[in-house]
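Given the structure of chain A, go ahead and fit chain B with the ligand onto it with the hints provided.
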Amino acid sequence: MRLNCPHCGPRDRREFYYYGAAAYLDRPSPDAPAQAWDDYLHNRDNPAGMTQDLWYHEQGCTAWLKVTRNTVTHEIIAVDAVATPKASGGMA
Amino acid sequence: MRIDGKGRIDRTRPLTFAFDGVSYPAYKGDTLASALMANDVRVVGRSFKYHRPRGILTAGSEEPGALVEIMGPANQTPNTRATVQEVFEGLTARSQNRWPSLRWDLLGINDLASPFLSAGFYYKTFMWPRAFWEKIYEPLIRRAAGLGSLSGRHDEGTYEKAYAFCDLLIVGAGPTGLIAALAAGRSGADVILAEDAAEMGGRLLSDEGQIDGAPAQEWLASVLAELALMPNVRLMPRTAVTGAYDDGTYGALERVGLHRRPRPNLPRECFWRITARRTILATGALERPIAFADNDRPGIMMASAMASYLNRYGVSPGRKVTFFANNDSARATARSFVAAGLSVAAIIDSRPDAPDEGDIPVHKGAVVIGTKGRHGLQEITLRTGSGEVRLETDALGMAGGWNPSLHLTCHMNGRPRWSAELAAFVPSPGAVPGLVAAGAANGTFSTHGCLAAGLAAAQEVLTDLGHKAAPVDLPQAENAPYTISPLWAVPGKGRAWLDFANDVTTKDVALSAQEGFSSVEHMKRYTTQGMAPDQGKSSNVAALAVLADATGRGIPETGTTTFRPPFVPVSIAAMGAGARAEGFAPQRFMTSDQASRDRGAPMIEAGLWYRPSYFPKPGETTWREACDREVAMVRNSVGISDVSTLGKIDLQGRDAGRFLDFVYTNTFSTLPVGRVRYGVMLREDGHVLDDGTTARLGENHWLMTTTTAAAGLVMRHLDFVHQAFCADWDVRFISVTEHWAQFAVAGPKARDLLTSALGAAPGLPFMGVRAATIQGVAGRVFRISFSGEEGYEVAVPARYGEALFRDLTARAETMGGGLYGMEALNVLRIEKGFITHAEIHGRTTAFDIGMEKMVSAKKDCIGKAAASRPGMIGAARAQLVGLKPLTDSPLTAGAHLFTQSADVKRETDQGYVTSVGYSPTLASWLALAFLHDGRARHGETIRLVDHLRKVDVLCTVTDPVFHDPMGEKLRA
Ligand SMILES: [Zn+2]
Chain A
8 MRLNCPHCGP RDRREFYYYG AAAYLDRPSP DAPAQAWDDY LHNRDNPAGM
58 TQDLWYHEQG CTAWLKVTRN TVTHEIIAVD AVATPKASGG MA
Chain B
229 MRIDGKGRID RTRPLTFAFD GVSYPAYKGD TLASALMAND VRVVGRSFKY
279 HRPRGILTAG SEEPGALVEI MGPANQTPNT RATVQEVFEG LTARSQNRWP
329 SLRWDLLGIN DLASPFLSAG FYYKTFMWPR AFWEKIYEPL IRRAAGLGSL
379 SGRHDEGTYE KAYAFCDLLI VGAGPTGLIA ALAAGRSGAD VILAEDAAEM
429 GGRLLSDEGQ IDGAPAQEWL ASVLAELALM PNVRLMPRTA VTGAYDDGTY
479 GALERVGLHR RPRPNLPREC FWRITARRTI LATGALERPI AFADNDRPGI
529 MMASAMASYL NRYGVSPGRK VTFFANNDSA RATARSFVAA GLSVAAIIDS
579 RPDAPDEGDI PVHKGAVVIG TKGRHGLQEI TLRTGSGEVR LETDALGMAG
629 GWNPSLHLTC HMNGRPRWSA ELAAFVPSPG AVPGLVAAGA ANGTFSTHGC
679 LAAGLAAAQE VLTDLGHKAA PVDLPQAENA PYTISPLWAV PGKGRAWLDF
729 ANDVTTKDVA LSAQEGFSSV EHMKRYTTQG MAPDQGKSSN VAALAVLADA
779 TGRGIPETGT TTFRPPFVPV SIAAMGAGAR AEGFAPQRFM TSDQASRDRG
829 APMIEAGLWY RPSYFPKPGE TTWREACDRE VAMVRNSVGI SDVSTLGKID
879 LQGRDAGRFL DFVYTNTFST LPVGRVRYGV MLREDGHVLD DGTTARLGEN
929 HWLMTTTTAA AGLVMRHLDF VHQAFCADWD VRFISVTEHW AQFAVAGPKA
979 RDLLTSALGA APGLPFMGVR AATIQGVAGR VFRISFSGEE GYEVAVPARY
1029 GEALFRDLTA RAETMGGGLY GMEALNVLRI EKGFITHAEI HGRTTAFDIG
1079 MEKMVSAKKD CIGKAAASRP GMIGAARAQL VGLKPLTDSP LTAGAHLFTQ
1129 SADVKRETDQ GYVTSVGYSP TLASWLALAF LHDGRARHGE TIRLVDHLRK
1179 VDVLCTVTDP VFHDPMGEKL RA
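From first to last, the protein sequence lines are chains A and B.
Using our numbering, the first residue of the first sequence is number 8, and each one after it goes up by one.
Using our numbering, the first residue of the second sequence is number 229, and each one after it goes up by one.
Only chain A is shown next, with the shape it has when bound in the complex:
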């Protein structure tokens, strides 16, 4: 498996650390209801098909990447840097 890091180009998957679902990017606000935190922390889909997950280019540029891929065909559709000038998430 190879990931096309937006900074470094196509690299072997051994350079990357796998984290989990891209849902980790959608951090609830501190006072969100418990259910929102449960969903954020613990509830994950296990899709056969398209999924988005987070990878860390630990042995490269140290960018966190959001990878859009197909769990059935192994096709990688997109690799985007998590950090954008206007970062998403609960701290906006």
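In short, the hints are calculated from the structure, not lab data.
Computed beta-carbon distance windows for the label pairs:
(1) ALA43(A) x ARG960(B): 26 to 34 Å
(2) GLN704(B) x THR78(A): 46 to 54 Å
(3) THR78(A) x PRO492(B): 44 to 52 Å
(4) HIS81(A) x LYS1178(B): 47 to 55 Å
(5) THR78(A) x PRO583(B): 52 to 60 Å
Predicted model, so just to flag it, every value in this text is computed and none were measured.
Every residue, glycine too, gets a C-beta built ideally from N, C-alpha and C.
Then chain B with the ligand, alone, in the frame of chain A:
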């Protein structure tokens, strides 16, 4: 026997090798198989189940029968295919799966018992009585099972792994692959041409064909010469591509040294990972056997292999040969044998309308129905239109048609499709993205067809890759049509072999279907078809056809064959090359490493780091003596310890303080410049991630310290929090762990030592930091302590680390102090109730370790929402406590806690011990533990039980801080 004037072996270079203790002559260029054949050694091994004599069936890596052990000075390699192993001077091989000898094998009794050893035998027989399993059946099966044997010692051979990248990977260097490489090479593409065999050329090496009116081998030589001169083409002979993986990644195994005399540092094999933008699969095709009664005798082999032995190696498997065919592909081979002066007794052709073949008798519409010869073929019986005929022959070539070598196209779940015209499976286009099959691998069997297909495939790939295809003329070559009438098995009495390695016969497959195992996948498992080292390369398709026949279905309806990596057996040693013993993980050494070793310190692993365990003094016989002395030294004098392994992260930017507030539970942005604060970091799920101190070096400049264990984890976490949640903040950070050497100076005399080393008093309050010039070097001094004594840490750029370490050690020793190691460091921190990752092991919360007050109410932080939820706090949680035994008894980490009156069982478990040590300061064993509602239970007597190490001790529950609970020494 050797045939004069034939073959590509080098007759000017004679060699000697040994097989089963007998020495034989060979030539450079021989494989072990050809060399054995030259010496008329017909029985090479024994089959797996029935221990039937096995000869040589093929001339390539698909060989199921001729498996031997190669004996090396440092290793013994079982299941080596004699058809792949090249002979070198002194090669020593041994037959396997036989006892006591190859010729007289006692387990051959299995063959007589074969009516009882049918498909599913193991499943049926060893079921009952149950009590027999462990004592009788399993040892019996274990002794009989398996093919080769291992030495039982470590493999001390050298192995390598390597990576390669290319525009175009061509798998197979037959006519298809060669012309593709020529076209791509001339066009400037970056090409790798990988060939399983020692020599490139494929069937051109074995068949006496012509290309452009000249012997094909002349064309081969000129192409190879041109390719060898191209800087953009890498030729990789002896390299089997073993697997196709995602995104153009291929595994390949190169036999680097297996064909040479072993010598130091010569790698035996190299495991390659090749990344290719495009791939042409030009692996050719494998000829398939025909199942007929007793078709497994040595001397019966593939007709194409006979051509290889004659034309490539100059040997013949017999003096009077016959062929059994259902297509024309054996005809040229028969002519070669006649031309070489050998007798061809007959061609038995199952097709009633088969063509004549000059002077060679052709039995049309005939089949072979039996064979004779205990240790090798002597006679065959035919059934012809006019009755049974017996023929004397010592070599029979089977030509059952061809199966494209499409294995790699199945590796990513692709399923081949059935071609009725070819009576074979062919690759499904697009089965592996970026890979195109061409030539015989794609069902095109004529030489001309292969050349045309290879050229076309290359031109298509080159266009795809944006290269302008350079002109290559398509040469003229043999272009005979391939007509075949399928013949998988000859019906009749007797056992007809499909899988020669695992002894699967047509009857086994039929029985499997009869007993309900009629899907291919079930049949394979029930009969073990295709599960030997050759993975059924030459037998799976025939087995499928026999199954189809037994179930009354067509082949496409019955199923399809599939193949998984690896294409050929790959030694684990090659895949794991470099990753054994010390190569298993990188080693990180502190700048004081040599100085510590000079003092005899045993070094212990701390993550990837090596740290001194203790520093023995003359007269000390146990580590405990050294540890006790070092603890007392720190408490009473001064100790030096290298703490450089702790993670150091340099943070800068206007928002750095704000960022620290977000990742730590407590507030850092209010910390004055020149001060240090202890902080706790949570995971988002509310559990403690790490702890450590962070210093404010300047208005917008901070230095974070992590634990040794979590340094990488914290860096990854900080990167995530920053990039995911606050990428627009003005903060940047980088690990500087390797840049600084840092030494703890701890004890009542620490300040005196620092004063002498710095030339002035350190002048720092508790939890202060400042820049300092340390013997002329710009560094930093921190006043922090992990021992509970007045403590400092001195940091200098790593290149000065060793010098400073030796200097501080010398100063300490003149003051009655010295070095202390990890054991003492651990006891010192336990006495003080300081936590490590033994306590913050991933399941403890800030509440559990008594630090819930450090979670600031005034701000958000990572983990705050989860940390305050029900279940994460409260009396039901196990909380950090200290334990002191009532008697002078050792305690053990991992022990569990119970109330005195309770039965000791899981349901009554009250908690567990995380750290223990003997405290010379308090003259007692001490432990840190987690106990349910522990903070409310100080003073209670609790029972500590460790069944594993037979410890059962009563302890008093205490505060975790045993020593100097008010911190007076710390702040002195
Ligand atoms: Zn990168």
